[in-house]
Amino acid sequence: MGADVFHPGIRSRERSPSIACALGSRDANFMRYRGSMRLQAGRQEKIEDMQSIATELLEAWRQSNGQLQEDILFYRDGQSENGNLEPGLLVDKVVTNRLPYNIFLQSHQAIQGTARSTHYHVLEDEMDLGTTESPTKKTNLLTELTHFLCFAFSRATKGVSYVAPAYMADRFREHGNVYLRA
Numbered sequence: 001m002g003a004d005v006f007h008p009g010i011r012s013r014e015r016s017p018s019i020a021c022a023l024g025s026r027d028a029n030f031m032r033y034r035g036s037m038r039l040q041a042g043r044q045e046k047i048e049d050m051q052s053i054a055t056e057l058l059e060a061w062r063q064s065n066g067q068l069q070e071d072i073l074f075y076r077d078g079q080s081e082n083g084n085l086e087p088g089l090l091v092d093k094v095v096t097n098r099l100p101y102n103i104f105l106q107s108h109q110a111i112q113g114t115a116r117s118t119h120y121h122v123l124e125d126e127m128d129l130g131t132t133e134s135p136t137k138k139t140n141l142l143t144e145l146t147h148f149l150c151f152a153f154s155r156a157t158k159g160v161s162y163v164a165p166a167y168m169a170d171r172f173r174e175h176g177n178v179y180l181r182a
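Residues in the sequence shown are numbered from 1 upward in steps of one, following full-length UniProt numbering.
All clues stand as given, with none of them false.
Ranges between beta-carbon positions, derived for each pair:
| id | residue 1 | residue 2 | range |
| --- | --- | --- | --- |
| 1 | D49 | E86 | 32 to 42 angstroms |
| 2 | H175 | A28 | 20 to 30 angstroms |
| 3 | R32 | E144 | 13 to 23 angstroms |
| 4 | G42 | E86 | 32 to 42 angstroms |
| 5 | R15 | K158 | 35 to 45 angstroms |
| 6 | G66 | H7 | 33 to 43 angstroms |
| 7 | R11 | L58 | 29 to 39 angstroms |
It should be emphasised that the hints constitute simulated quantities derived from the structure, not laboratory data.
For glycine and all other residues, C-beta sits at the position ideal for the given N, C-alpha and C.
Can you make the complete structure from the sequences, with help from the hints?
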């Protein structure tokens with residue numbers, strides 16, 4: 001799953017709502033997605049109705065696959081850090097914390113301008129993506145999957161700057177913005 005929130009511009013009315021949206025994969029290859037969006041209080045970054053949205057997306061998975069998935073990865077779009085690095089670069093030591101896990105991953109080549117490394121924070125790892133004795137190994141397995149998902153955005157022939165579910169949520173919320181302006 002990927003999620004994002006769109007906030008109205010500075011010139012919009014003070015009480016203009018924000019748009020919260022999320023997408024969830026409907027197939028095991030992470031190539032088919034269903035989206036859901038909601039209006040919520042303006043300028044609020046937390047997704048108010050996330051439980052309802054997640055339930056809707058999980059039901060879409062169940063309808064497509066006959067059963068619910070045991071494990072879920074959830075990516076939340078946020079502000080990326082600037083950088084000018086080579087694609088595939090992983091920073092998981094020195095400037096990051098061992099617990100909670102967090103990494104910087106440069107997944108894409110900048111086509112124009114500056115490439116932006118994405119700072120990922122692992123909030124919870126119920127999937128146990130590695131051995132519990134080796135936090136570094138766990139981070140590497142999660143990093144490999146995260147890097148792979150940067151190449152799963154169907155509208156691009158190369159890797160994008162952050163994981164496809166969050167990237168598509170970002171694009172999906174742009175549709176919500178069009179509805180608000182209409």
